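Novice: As a plain string of letters, each chain reads:
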Amino acid sequence: MRRLMLFLCVVCVFFFTSISYADRANGVLSMDRVVNLPNDQGKWYISIVGDVRNAQYQTILKWFSQDPALRKLKNQVHFCSVTSSSAIYKARYAANVKGLPTVRLQNSQGVVIYEAAGKNLPFTAQGLYGAIANNAAGVQQQPIFPWRQNRKRLCPSPSPSPSPVIPDLDPAPQPIDDGSDPVFEPVLEPESESSLPPVWLMLVTFVSTVGAGAVTKWRETYAEK
Amino acid sequence: MKRLSIALVLCFSLVGCEGDFSQSEPVQPSPLSSVNGERPIVNIPMVMRQSNWAGNQREGSCVHAVMISLFRWQNRLHRADEWRRTYANGEWPESLATKLDREGVRYAYTTKGNVSFLEWAVRTRRGCGITVKGGAHMVALVHLDDKWACLLDNNNVSKYKWVSRESLIAEWKASYGWAVTPIYTPAAPLPISQ
Numbered sequence: 001m002r003r004l005m006l007f008l009c010v011v012c013v014f015f016f017t018s019i020s021y022a023d024r025a026n027g028v029l030s031m032d033r034v035v036n037l038p039n040d041q042g043k044w045y046i047s048i049v050g051d052v053r054n055a056q057y058q059t060i061l062k063w064f065s066q067d068p069a070l071r072k073l074k075n076q077v078h079f080c081s082v083t084s085s086s087a088i089y090k091a092r093y094a095a096n097v098k099g100l101p102t103v104r105l106q107n108s109q110g111v112v113i114y115e116a117a118g119k120n121l122p123f124t125a126q127g128l129y130g131a132i133a134n135n136a137a138g139v140q141q142q143p144i145f146p147w148r149q150n151r152k153r154l155c156p157s158p159s160p161s162p163s164p165v166i167p168d169l170d171p172a173p174q175p176i177d178d179g180s181d182p183v184f185e186p187v188l189e190p191e192s193e194s195s196l197p198p199v200w201l202m203l204v205t206f207v208s209t210v211g212a213g214a215v216t217k218w219r220e221t222y223a224e225k
Numbered sequence: 001m002k003r004l005s006i007a008l009v010l011c012f013s014l015v016g017c018e019g020d021f022s023q024s025e026p027v028q029p030s031p032l033s034s035v036n037g038e039r040p041i042v043n044i045p046m047v048m049r050q051s052n053w054a055g056n057q058r059e060g061s062c063v064h065a066v067m068i069s070l071f072r073w074q075n076r077l078h079r080a081d082e083w084r085r086t087y088a089n090g091e092w093p094e095s096l097a098t099k100l101d102r103e104g105v106r107y108a109y110t111t112k113g114n115v116s117f118l119e120w121a122v123r124t125r126r127g128c129g130i131t132v133k134g135g136a137h138m139v140a141l142v143h144l145d146d147k148w149a150c151l152l153d154n155n156n157v158s159k160y161k162w163v164s165r166e167s168l169i170a171e172w173k174a175s176y177g178w179a180v181t182p183i184y185t186p187a188a189p190l191p192i193s194q
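Chains as they are written, first to last, in this note's numbering: chain Z, 1 to 225; chain D, 1 to 194.
Looking at chain Z on its own, in the form it has when it is part of the complex (with noise of 0.2 angstroms):
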């Protein structure tokens, strides 16, 4: 009785184990989880670099979730998020940054487009961006327009907050997407530094000279009859 037991016993692992790499061998279980991969081995990479406690490191991410135009940059390259006391951090960034926080823009092959720290990052969200599109259009080799400029007035916004609040939980995922090298948004320049007069004393200045221009022929050709 005993005997037959141990039989049965081996002969049901036999039979689910055999069962199981049968169904493997034909196929049954075997599946890509994903079908479309996606292909962004262009996408460039932001990495954001600094210590969790200072803040503005904090500051700057918060910009990268609130700020439209750097929240849609953020969502076109790799996103990169380094504390300083990471592992990440002694091994790929503490040689070769130049201060914290750090904010560098890379394409997919390295090579550094944009990076500043510290001070000599811009203090407004809209100032980093407009720091990390000129630098990227000059690679690009896309010329902005100034008259392609969706205009608008900048307005002065509270300042960060002093305390900030340290994620303890790893940053949301990012779209899958086949992205490549990410488009910016024009980047808006001030008022004062436009060099081109306004559009209606153009108009004006047009008309006037056309129509002093057609009088004085109009004298020239008809006067003397």
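Hints were generated in silico from the structure; no laboratory data involved.
Any given hint could turn out to be false.
[Said to hold, decoys possible] List time: in silico DMTMM-like cross-link candidates among lysine to aspartate or glutamate, alpha-carbon distance up to 25 angstroms:
| # | chain 1 | residue 1 | chain 2 | residue 2 |
| --- | --- | --- | --- | --- |
| 1 | D | Lys133 | D | Glu166 |
| 2 | D | Lys112 | Z | Asp51 |
| 3 | Z | Lys98 | D | Glu38 |
| 4 | D | Lys112 | Z | Glu185 |
| 5 | Z | Lys72 | Z | Asp177 |
[To be verified] Partial pick of chain D residues on the chain Z-facing surface, computed with a CB cut under 10 angstroms:
| # | residue |
| --- | --- |
| 6 | Glu38 |
| 7 | Asn75 |
| 8 | Arg84 |
| 9 | Val115 |
| 10 | Ile169 |
| 11 | Tyr184 |
| 12 | Thr185 |
As the structure is a prediction and not an experimental result, all values here were calculated from the model.
We put the beta carbon where it would ideally sit given N, CA and C, even for glycine.
Assemble chain D onto chain Z, guided by the hints.
Specialist: Positioned in the frame of chain Z, the structure of chain D alone reads:
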């Protein structure tokens, strides 16, 4: 009869073995594809590499060790720590998929031995876990180019193991062709100035 039953059970043990995965002499890589000269492309720092460990069922946890190393490389540090505390022992593709789904992890895998999956995983700098030793062990694939493949074995994380591309593919396909990886943000390349 008792010996026979033990032998049969051992024959069908799950993926998650212990033991050194080093059957041939290491070879030197040729200076082929790389990002910013960095080889392997998925160059996981030493302190982020998870070694294999024995679970409560006395099985190796190689699949989990690979996933934890890849989580760390893809900046999911808290997920990696949580995974280390929660899971252990050997895994089948479907049992791992169940756990990944339950934890809400974004991932991709194949059990078809599709080489393009490996190429994609390395091209996007994410790396992936691949089965070797007839399906009894999983290691991390951290580089794959026209000639060479590079493996990080969780039974000896102190060094990379370079093998020829053909050898790697043959080994993987003979080991059920299972590959799996999380899909998050890989670590940025080392910087070079313009």
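Novice: If a hint holds in the structure, say so; if it does not, say that too.
Specialist: Evaluated hints:
Annotation: proposed proximity of Lys133/D to Glu166/D holds, straight-line Cα distance about 15 angstroms (limit 25 angstroms). Distance restraint check for Lys112/D and Asp51/Z: the Cα-Cα separation of roughly 44 angstroms exceeds the 25 angstroms cut-off, and the hinted pair is therefore not satisfied. Between Lys98/Z and Glu38/D the CA atoms are separated by roughly 21 angstroms; this keeps the pair inside 25 angstroms, and the hint holds. For the suggested pair Lys112/D and Glu185/Z, the alpha carbons sit about 43 angstroms apart, so the restraint of at most 25 angstroms is broken.
With a CA separation close to 13 angstroms, the supplied pair Lys72/Z and Asp177/Z stays within the 25 angstroms bound. Residue-level restraint check for Glu38/D holds (minimum Cβ-Cβ distance to chain Z is 8 angstroms; threshold 10 angstroms). Hint status for Asn75/D: holds, given a least beta-carbon distance of 6 angstroms to chain Z, under 10 angstroms. A least Cβ separation of about 14 angstroms between Arg84/D and chain Z goes past the 10 angstroms threshold, and the interface hint is therefore violated.
For the restraint placing Val115/D at the interface with chain Z, the shortest Cβ-Cβ distance is roughly 13 angstroms, beyond the 10 angstroms limit, so the hint is violated. The closest approach between the C-beta of Ile169/D and any C-beta of chain Z is roughly 17 angstroms, which is over the 10 angstroms cut-off, so the hint fails. Given hint, Tyr184/D at the interface with chain Z, holds; its Cβ is 6 angstroms from that chain's nearest Cβ, closer than 10 angstroms. At a threshold of 10 angstroms, the smallest CB-CB gap from Thr185/D to chain Z is about 5 angstroms, leaving the interface hint in force.
Of the numbered hints given earlier, the model fails hints 2, 4, 8, 9, 10; all others are met.
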